[in-house]
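There are 2 protein chains.
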Amino acid sequence: MTHTPIVELLSSDSIHQEFTVKGWVRSFRANQFVALNDGSTINNLQCVVDFENTDPTLLKRITVGAAVAITGTLEESQGGGQRVEIKVKEVEIEGDADPEELKKTILSPKRHTLEKLREQAHLRVRTNTFGAIMRLRSKLSFAIHEYFNKNGYYHAHTPIITGSDAEGAGEMFRVSALDPENPPRKEDGTIDYSKDFFGKETNLTVSGQLEGETYALGLGKIYTFGPTFRAENSNTSRHLAEFWMVEPEMAFCDLDGNMDLAEDFIKYVINYALENCQDDLAFLEERQTKEDQSKPAAERAAMPLREKLHFIVDNNFKRVSYTEAIDILRNSKPNKKKKFKYPINEWGADLQSEHERFLVEKHFKCPVILFDYPANIKAFYMRLNEDGKTVRAMDVLFPGIGEMVGGSQREERLDVLKEKMAALDISEEELSWYLDTRKFGTCTHSGFGLGFERLVLFVTGMTNIRDVIPYPRFPGHAEF
Amino acid sequence: MTHTPIVELLSSDSIHQEFTVKGWVRSFRANQFVALNDGSTINNLQCVVDFENTDPTLLKRITVGAAVAITGTLEESQGGGQRVEIKVKEVEIEGDADPEELKKTILSPKRHTLEKLREQAHLRVRTNTFGAIMRLRSKLSFAIHEYFNKNGYYHAHTPIITGSDAEGAGEMFRVSALDPENPPRKEDGTIDYSKDFFGKETNLTVSGQLEGETYALGLGKIYTFGPTFRAENSNTSRHLAEFWMVEPEMAFCDLDGNMDLAEDFIKYVINYALENCQDDLAFLEERQTKEDQSKPAAERAAMPLREKLHFIVDNNFKRVSYTEAIDILRNSKPNKKKKFKYPINEWGADLQSEHERFLVEKHFKCPVILFDYPANIKAFYMRLNEDGKTVRAMDVLFPGIGEMVGGSQREERLDVLKEKMAALDISEEELSWYLDTRKFGTCTHSGFGLGFERLVLFVTGMTNIRDVIPYPRFPGHAEF
Chain A
946 MTHTPIVELL SSDSIHQEFT VKGWVRSFRA NQFVALNDGS TINNLQCVVD FENTDPTLLK
1006 RITVGAAVAI TGTLEESQGG GQRVEIKVKE VEIEGDADPE ELKKTILSPK RHTLEKLREQ
1066 AHLRVRTNTF GAIMRLRSKL SFAIHEYFNK NGYYHAHTPI ITGSDAEGAG EMFRVSALDP
1126 ENPPRKEDGT IDYSKDFFGK ETNLTVSGQL EGETYALGLG KIYTFGPTFR AENSNTSRHL
1186 AEFWMVEPEM AFCDLDGNMD LAEDFIKYVI NYALENCQDD LAFLEERQTK EDQSKPAAER
1246 AAMPLREKLH FIVDNNFKRV SYTEAIDILR NSKPNKKKKF KYPINEWGAD LQSEHERFLV
1306 EKHFKCPVIL FDYPANIKAF YMRLNEDGKT VRAMDVLFPG IGEMVGGSQR EERLDVLKEK
1366 MAALDISEEE LSWYLDTRKF GTCTHSGFGL GFERLVLFVT GMTNIRDVIP YPRFPGHAEF
Chain B
946 MTHTPIVELL SSDSIHQEFT VKGWVRSFRA NQFVALNDGS TINNLQCVVD FENTDPTLLK
1006 RITVGAAVAI TGTLEESQGG GQRVEIKVKE VEIEGDADPE ELKKTILSPK RHTLEKLREQ
1066 AHLRVRTNTF GAIMRLRSKL SFAIHEYFNK NGYYHAHTPI ITGSDAEGAG EMFRVSALDP
1126 ENPPRKEDGT IDYSKDFFGK ETNLTVSGQL EGETYALGLG KIYTFGPTFR AENSNTSRHL
1186 AEFWMVEPEM AFCDLDGNMD LAEDFIKYVI NYALENCQDD LAFLEERQTK EDQSKPAAER
1246 AAMPLREKLH FIVDNNFKRV SYTEAIDILR NSKPNKKKKF KYPINEWGAD LQSEHERFLV
1306 EKHFKCPVIL FDYPANIKAF YMRLNEDGKT VRAMDVLFPG IGEMVGGSQR EERLDVLKEK
1366 MAALDISEEE LSWYLDTRKF GTCTHSGFGL GFERLVLFVT GMTNIRDVIP YPRFPGHAEF
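The listed protein sequences correspond, in order, to chains A and B. End of the first sequence sits at 1425 in our numbering; the numbers just go up one at a time, nothing left out. End of the second sequence sits at 1425 in our numbering; the numbers just go up one at a time, nothing left out.
Some hints here could point you the wrong way.
Copies of the same chain look alike in the list, so a pair counts if it works inside one copy or between any two.
To be verified - Lysine to aspartate or glutamate pairs mimicking DMTMM-like chemistry, simulated, CA-CA at most 20 Å apart:
id	residue 1	residue 2
1	K1363	D1041
2	K1281	D1370
3	K1365	E1331
4	K1034	E1177
5	K1145	D1124
Simulated from the structure, these hints should not be mistaken for laboratory data. Bear in mind that the values here come from a model prediction, so they are computed numbers and not experimental data.
All chains, please: the whole structure from these sequences, using the hints.
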């Protein structure tokens, strides 16, 4: 017996025709009205049971959370809430949901906190909020692949287990197949990693960029989209130990091209969500509005969710050099009134979240791309400008989120790159493969990294990054 | 100065118009003909230099591997090898490639073994063979996302770091942030993992299936597509320690639906490659034909590459029960003549690669789906049949590859599942979240796993799985 997804039926015109639908009961009112959800859409299908001619023991099993198969005809709905409904001919219970047991879970029909939902992450996707979030996450993910595929980029699957901590982007997790209680040891007593699975020490990747560069310098334009890891004890609402990162890399592309790409790319995927996820966005917008009512004015969203997304799609991102940004910040009210936790006194200061948010939310009131940062606060592979003190770095800053994208034009000159590495004590031998890209037909090239969960956070209007990934990993938490 | 991808110019009709192209020199003949490749296609663009009016020191720098920017007009080609060519106005060298240094690498213009190419995996994507493989890999990856997106599946990003070895699919890599030389210890002297990053022992995932099931039972139809890991000392041409797996999971779907999906899905992505990667497939087909000339007849490909792919797309996969397969094998010539390393004597035997290949390559001569395997050679979560001894498992077997897909209808009955777990000593407590899916609205559901690299291997006609992933990880190897 085939069944029809509810999302199709809700927009179907096949009135009086018979269909079978299968899903989970969201509510059962007046012994008559089943609200059925099958995950294909946030919207429930109303199924009207002829209770007078239905076995009472069957009716009793139609409870919240139960899995049921319903066959009946599609009819125009008399009630106000929906266009169509199913006039039920037959109900079959696939799986019961004991109301007493259900009460102990977040599936029970009452409000649960996000913290509580997180503890039952294996069930939360069955709630309206998390169904909407995860459908959006999926659609954003697809939009990313579609954008790059359309524009001539190849997907490069860079390695997850890596033999080097080259980028120095953060603390790494170790990967090993040795018995940790009794590892083989060298003569000096230290662990003998030559006996480990890979014959050396290995870690989980913090970025696919360096490997991505080697692929861009062969295929022209590539992107990665995979999990990356940080073993940092960051117990915040914006950090995860395991998160997904998108990293495009383009040969023969300078920083201007890089900024153009970042802006075009972000607008494309947000617009894709606006066009393909209207119902889920409408639900999340309403949710945010309700949540905001109990918040102090300063913490409320500046615009309704979809208006915010349209604002991003419809406006140019403001491009501002680091040097200009420092001037603006130095002369800003909060700086003069000593409201910043980290006052901005001079050129060279590393910008903190409070500064980024001031620029984006108060000063420019739109996404901002900062570029040409001081060399000494940025990574070794970024291209040195002619001034000798700034590099061709760029960060895209978003309201409420801060850094959405970090990227740069890469240092393609072998001698300059080697000098930078020497100054930072990075081994040429360990990165000889990376240096080879500069030896044989080196060229201008650029790329950036976008933290996928930050994008999902922005588009869903959620405030904790742990709520936009199915099973979040953070200090003390690797359940499921 | 913007530039145009070579793939666009090669099919362009904009004769006499000026373009700039940027790429790497593949050859430079007669001081006049530059074959330029930019990775956008396997085909080179011929650029004809007016050598009599070009600075000789510039001409000398046009060497194999050099990165150049060429501006000129697009003209119909007089030579036989191409439809159009560029009449060069200006050449700019972006990056030299010292011929003496280049000689030491696989970029030097001569034949290199695949083993040699693997050692320089950071450069091999610049060869024709690996450019073709990696473009195909990318297109196959996109086809997978497109197929599921079109058909109402949501992409679920299941976790990479996991707290349980639930599936028991294989040996796992340990993940830790403790100092391995000096880990914190409990009173009994063993390592105190409560002090580790996640507060417990963690591993790299071997499969996203169990978490995927929890999502299918909320969103209806989902798929995962991410890296999975095996710490097994398998030094073969068909195993990797890190590989990408695709795992769809469908609520309200039985084993027949699962087999239908597997067949439809595989045909879709292979057909996508046929339609979108003609040039790369033609190149790899020719490559295989040439390679086969130096192989004994028994090891040669049965059909040219594209014919093989069309054969898959155009024919039904043969569905055969395990019991039928055992009968066929028991009565087969190789079994009677004792040619199998593992003779098939009775029902219950686990099928080896030699048996799978006999069925596919000799007996049925087409892809085969085996189903209803003995329960005791399959995983605990597979649905028990009414005979009490077989489970609703299925494997899709491909010529030359063996198992391409392994899947099953899942055991949705809580009591039966618990019995199975008890018999195998799997802790109910550790999998309580998984059991919850059977407690609250359980339903018929099914899914499978496809090893992505096996698919790429099949479609490219390559024979070693290490050659179809950018940076292969296998025992003793985690370079780059």
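So, going through the hints one by one against the coordinates:
{"no.": "1", "hint": "K1363 - D1041", "verdict": "between (66 Å within a copy, 17 Å between copies)"}
{"no.": "2", "hint": "K1281 - D1370", "verdict": "neither (39 Å within a copy, 67 Å between copies)"}
{"no.": "3", "hint": "K1365 - E1331", "verdict": "within (15 Å within a copy, 69 Å between copies)"}
{"no.": "4", "hint": "K1034 - E1177", "verdict": "neither (57 Å within a copy, 54 Å between copies)"}
{"no.": "5", "hint": "K1145 - D1124", "verdict": "both (15 Å within a copy, 16 Å between copies)"}
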